[in-house]
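In case you want the letters, here they are:
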Amino acid sequence: MNRVSSSTRNLIQRLGFGFLTLMTIFTVVPIIAVVVYIISKGSPAISWEFLSGFPHDGMRAGGILPAIIGTLYLTLGTALFAVPLGVAAAIYLAEYAPDNRWTRLIRIAIINLAGIPSVVYGLFGLGLFVIFLKFGTSILAASLTLSIMTLPVIISTAEEALRAVPQSFRTVSISVGATRWQTIRRIVLKEALPGILTGIILGLERAAGETAPILFTGAAFFLPRLPGSLFDATMALPYHLFVISTQVPDMPIQIQYGTALVLLVFVLGMNLTATIIRSRARARRQW
Amino acid sequence: MEKSLNWREYIITRLIRVSGYSAIVFVAAILYFLLREGLPTLGEVSIRDLLTIRWYPIENYFGILPLLTGSLIITVGAMLIAFPFGIATAVFISEVAPRWVREILKPIVELLAGLPSVVLGFLGILVLSPYLRILLDLPTGLTALAGSILLGGIAVPTIVSIAEDALDSVPRSYREGAWALGATRWQTIWRVTLPAARSGVLTAVMLGIGRAIGETMTVMMVTGNAPVLAITPGSFFSPVRTMTATIAAEMGEVASGSVHYHVLFFIGLVLFLISLAVNIAASSVVFRSKKRAERILS
Numbered sequence: 001m002n003r004v005s006s007s008t009r010n011l012i013q014r015l016g017f018g019f020l021t022l023m024t025i026f027t028v029v030p031i032i033a034v035v036v037y038i039i040s041k042g043s044p045a046i047s048w049e050f051l052s053g054f055p056h057d058g059m060r061a062g063g064i065l066p067a068i069i070g071t072l073y074l075t076l077g078t079a080l081f082a083v084p085l086g087v088a089a090a091i092y093l094a095e096y097a098p099d100n101r102w103t104r105l106i107r108i109a110i111i112n113l114a115g116i117p118s119v120v121y122g123l124f125g126l127g128l129f130v131i132f133l134k135f136g137t138s139i140l141a142a143s144l145t146l147s148i149m150t151l152p153v154i155i156s157t158a159e160e161a162l163r164a165v166p167q168s169f170r171t172v173s174i175s176v177g178a179t180r181w182q183t184i185r186r187i188v189l190k191e192a193l194p195g196i197l198t199g200i201i202l203g204l205e206r207a208a209g210e211t212a213p214i215l216f217t218g219a220a221f222f223l224p225r226l227p228g229s230l231f232d233a234t235m236a237l238p239y240h241l242f243v244i245s246t247q248v249p250d251m252p253i254q255i256q257y258g259t260a261l262v263l264l265v266f267v268l269g270m271n272l273t274a275t276i277i278r279s280r281a282r283a284r285r286q287w
Numbered sequence: 001m002e003k004s005l006n007w008r009e010y011i012i013t014r015l016i017r018v019s020g021y022s023a024i025v026f027v028a029a030i031l032y033f034l035l036r037e038g039l040p041t042l043g044e045v046s047i048r049d050l051l052t053i054r055w056y057p058i059e060n061y062f063g064i065l066p067l068l069t070g071s072l073i074i075t076v077g078a079m080l081i082a083f084p085f086g087i088a089t090a091v092f093i094s095e096v097a098p099r100w101v102r103e104i105l106k107p108i109v110e111l112l113a114g115l116p117s118v119v120l121g122f123l124g125i126l127v128l129s130p131y132l133r134i135l136l137d138l139p140t141g142l143t144a145l146a147g148s149i150l151l152g153g154i155a156v157p158t159i160v161s162i163a164e165d166a167l168d169s170v171p172r173s174y175r176e177g178a179w180a181l182g183a184t185r186w187q188t189i190w191r192v193t194l195p196a197a198r199s200g201v202l203t204a205v206m207l208g209i210g211r212a213i214g215e216t217m218t219v220m221m222v223t224g225n226a227p228v229l230a231i232t233p234g235s236f237f238s239p240v241r242t243m244t245a246t247i248a249a250e251m252g253e254v255a256s257g258s259v260h261y262h263v264l265f266f267i268g269l270v271l272f273l274i275s276l277a278v279n280i281a282a283s284s285v286v287f288r289s290k291k292r293a294e295r296i297l298s
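Quick note, the sequences are listed as chains A and B, same order. Residue 249 in this note's numbering sits at position 249 of the first sequence, and the numbers go up by one each step. Residue 55 in this note's numbering sits at position 55 of the second sequence, and the numbers go up by one each step.
Mixed in with the good hints there might be a few duds.
[What the hints assert, rightly or not] One side only, chain B facing chain A, incomplete, derived with CB under 10 Å: (1) Arg8; (2) Arg36; (3) Asn60; (4) Leu111; (5) Gly121; (6) Ser199; (7) Gly210; (8) Ser238; (9) Ser258; (10) Ile274.
These are calculated hints, taken from the structure and not from any lab test. Please read all numbers here as calculations on a predicted model, not as lab measurements. Don't be surprised by glycine CBs; every beta carbon is placed ideally from N, CA and C.
All chains, full assembly: derive it from the sequences and hints.
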């Protein structure tokens, strides 16, 4: 190493750390600014009427109830398909899968599912669910599309949570006569539950905020009523925000910020729930 | 009782195994439908016409070069922004910050990952692009630059979390060795920890690229959507249009089975193959480096 006095080295270190701190601040502050800005601009729009009313006057007045309910439906529908499938796949990978070529292929497939652009999921949903299976532009088609997109998030976080359960738990359970599945259901799943829940919520959070996959599979531009069945199209918060900020001229700015705020609260509420579950479980964990 | 238990266990185990393989089925199904709806393009539009610079579907001009270059320039711009900020933040969180700062920073970065892209696009229209227009004295603020800035933000959480994992998994003994030789913490980060985590950092960047090139709503909202060839640095200051935005904007209006419809699926196929390549490259880097680390440690 070249001869540099220790004071110079300390100066370089201080400059370096200062630089890193500055870069981190530049990364983090805009995130907080975005959230604070939307809250401050959007909260004047929030009223009971805004949350519980139907849009009227070409969506330039009234409320956004159909979009809120629609996003709830889509999130629930996504959960219905993605949670059982995703958790089961995670159980397979964590508890059953042998270390062979097929398992590696499954892992590569999961990584690739996670990387596929959301609009390509939209195309796939259009091709398979809307046209081929004839579900039409519907809540069903959109939920199925979103659930496949959510799957990799749920599988990988749930698998990680299952693997974190110490091996000794399994050994003890098996040695007192439980079968493999009984061990998984009563011991491993129970211990891994907070981690799995965190993964599920983070996956659903992403589904709730997505627009591109539902564009051609289930989103309605405007619907004067609530969807009546799984085969109806529905309004949704993210798509509604896109519509009123780009497609409707003379849209009152307050309604736009109000809609953005409701979407943000919806998504960040899920994010916060996940963070709380995780930190609580971590604090309580005894192993 | 023994018997019914075994029987149930058998069924459940089977179901779990089938679920385990579902990911492969879905990737295959996605590829199948993209091929099925996208490949007819090659019979309807010649490759030469596809590789032109004119995208004007109403008059049957299906040149996808403007869309390809639009996606590329925005991704390059996004990575120029996301790489330094993402890596610096990852190093800060993993190597410099005290524990309590780390516990605050990580959820905030995760929060960014959860922000719906349509919200960022919305702010891009109302706040960022008017600001850029005035600052840079442009005819419109809806430019590749606005798209790059927002996409950079979207790629940052991906880069931070993967790069931070990579830095975390560098064995502590490496750092202790460097300190014992009298290196400062800064020198250790710069010459030991970062080089040791090199492959993880590379993976982070690749997945960041994948994240950026596939993003749809934000770019559709803030880049102005003009399908013009974007190959000079000056293109950053004019409107462009990406592959993703083209699909999202036009698929709603085309007749199922038309040439335009097939071409949009074809573009989807190109996006799928790009993301496949990026992800396989990224994961092979991880596997290779893991093997190398195992060799060194054993």
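Hinted contact Ile274/B with chain A - closest CB pair below 10 Å:
holds (9 Å)
Against chain A, run the beta carbon of Gly121/B and see if the smallest gap drops under 10 Å.
holds (7 Å)
A closest beta-carbon separation below 10 Å is what the hint needs, so does Arg36/B meet it against chain A?
holds (7 Å)
Just to be careful: measuring from the Cβ of Gly210/B to every Cβ in chain A, is the smallest value less than 10 Å?
Hint holds; Gly210/B Cβ to chain A Cβ min 5 Å, cut 10 Å.
Take the shortest C-beta to C-beta distance between Ser238/B and chain A; is it under 10 Å?
For Ser238/B, the interface hint is violated, since the closest Cβ of chain A sits about 19 Å away, which is over 10 Å.
Hey, does the Ser258/B contact hint survive, CB to chain A under 10 Å?
violated (13 Å)
Quick one, is the Arg8/B hint okay against chain A at 10 Å, beta carbons?
holds (8 Å)
Does the interface hint hold: is Asn60/B within less than 10 Å of chain A, judged Cβ to Cβ?
violated (21 Å)
Does Ser199/B meet its interface restraint, that is, does its C-beta lie within less than 10 Å of any C-beta in chain A?
Since chain A brings no Cβ nearer than about 15 Å to Ser199/B, farther than 10 Å, the hint is violated.
Less than 10 Å between beta-carbons is the criterion; does Leu111/B satisfy it with respect to chain A?
holds (6 Å)
Hints 3, 6, 8, 9, counting from the list given before, are not met by this structure.
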